[in-house]
Amino acid sequence: MFETVLLVMLFLLAIAILGGLYRAIKGPSMADRVIALDLISIMMIALIGVVSIYMETDAFLEAILLLGILAFIGAVAFGKYIERGVIIERKRDD
Amino acid sequence: MLSLIEILISIFVLLGSFLSLIGSLGIMRLPDIYSRMHAATKSATLGVVLLILGTFTYFLGEGIFSLQLLLTIAFVFLTAPVAAMIISRSAHRNGVELWGRTKHDELQESYPEHLEPERENEKVERP
Numbered sequence: 001m002f003e004t005v006l007l008v009m010l011f012l013l014a015i016a017i018l019g020g021l022y023r024a025i026k027g028p029s030m031a032d033r034v035i036a037l038d039l040i041s042i043m044m045i046a047l048i049g050v051v052s053i054y055m056e057t058d059a060f061l062e063a064i065l066l067l068g069i070l071a072f073i074g075a076v077a078f079g080k081y082i083e084r085g086v087i088i089e090r091k092r093d094d
Numbered sequence: 001m002l003s004l005i006e007i008l009i010s011i012f013v014l015l016g017s018f019l020s021l022i023g024s025l026g027i028m029r030l031p032d033i034y035s036r037m038h039a040a041t042k043s044a045t046l047g048v049v050l051l052i053l054g055t056f057t058y059f060l061g062e063g064i065f066s067l068q069l070l071l072t073i074a075f076v077f078l079t080a081p082v083a084a085m086i087i088s089r090s091a092h093r094n095g096v097e098l099w100g101r102t103k104h105d106e107l108q109e110s111y112p113e114h115l116e117p118e119r120e121n122e123k124v125e126r127p
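Keeping their order, the protein sequence lines are chains A and B. Counting in UniProt numbering, the first sequence runs without a single skipped number right up to 94 at its last residue. Counting in UniProt numbering, the second sequence runs without a single skipped number right up to 127 at its last residue.
Since the hints were made in silico from the structure, they are not lab data. All values reported here derive from a predicted model rather than from experimental measurement. Some clues are possibly wrong.
[Unchecked claim] A few chain B residues facing chain A, derived, Cβ under 7 Å: (1) Y58; (2) L70; (3) T72; (4) I86.
C-beta: ideal position from N, C-alpha, C; glycine also.
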């Protein structure tokens, strides 16, 4: 029973990721794609959580935290790239 | 039958998946990027927080107190709105078009004259 609930929820999350993938492919502007990829990575965090309940292992918990951090850094880097064309700004002396 | 803690985990996971699905539906169906951002960050963030809370409850029932999951909840809850704000600000500065039925654009007045982005479907009458 509990496994069935988890399997159905995994299926729903997979559908949600497919929706994000649709927007990432079709999205008219670059920021649409960044938002869709951010949504996909956040959904992947949730998916790994449900998978680790389903497989009854705690080996994936570090992966959850790392994916959260990487999603944020990736979104900020893409935002700065869209806005200014550079990611790391260097100060010039002259 | 389900035990009590399994019912609790099921409720968390069900609510979380439902909210994530709503976020995905919003990112597919809404008309312009700013409303899509609204769907993708608010409901999906709450859904993911609920799902991770369910995972935390499961491992607490197994006797494992996992600090990484609590850290993940705090981190996602703090950083997802910040990322959305940065991306939407860069999109607005680059002149991504608003929806045609948008009534008012408050950020319009905050640009200097030479930096003003050009949008096609926007008809603002300036005095």
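Checked hints:
Hint status for Y58 of chain B: holds, given a least beta-carbon distance of 5 Å to chain A, under 7 Å. A least Cβ separation of about 10 Å between L70 of chain B and chain A goes past the 7 Å threshold, and the interface hint is therefore violated. At its closest, the beta carbon of T72 of chain B sits 5 Å from a beta carbon of chain A; the interface hint therefore holds under the 7 Å criterion. Because the closest C-beta pair between I86 of chain B and chain A is about 4 Å apart, less than 7 Å, the hint holds.
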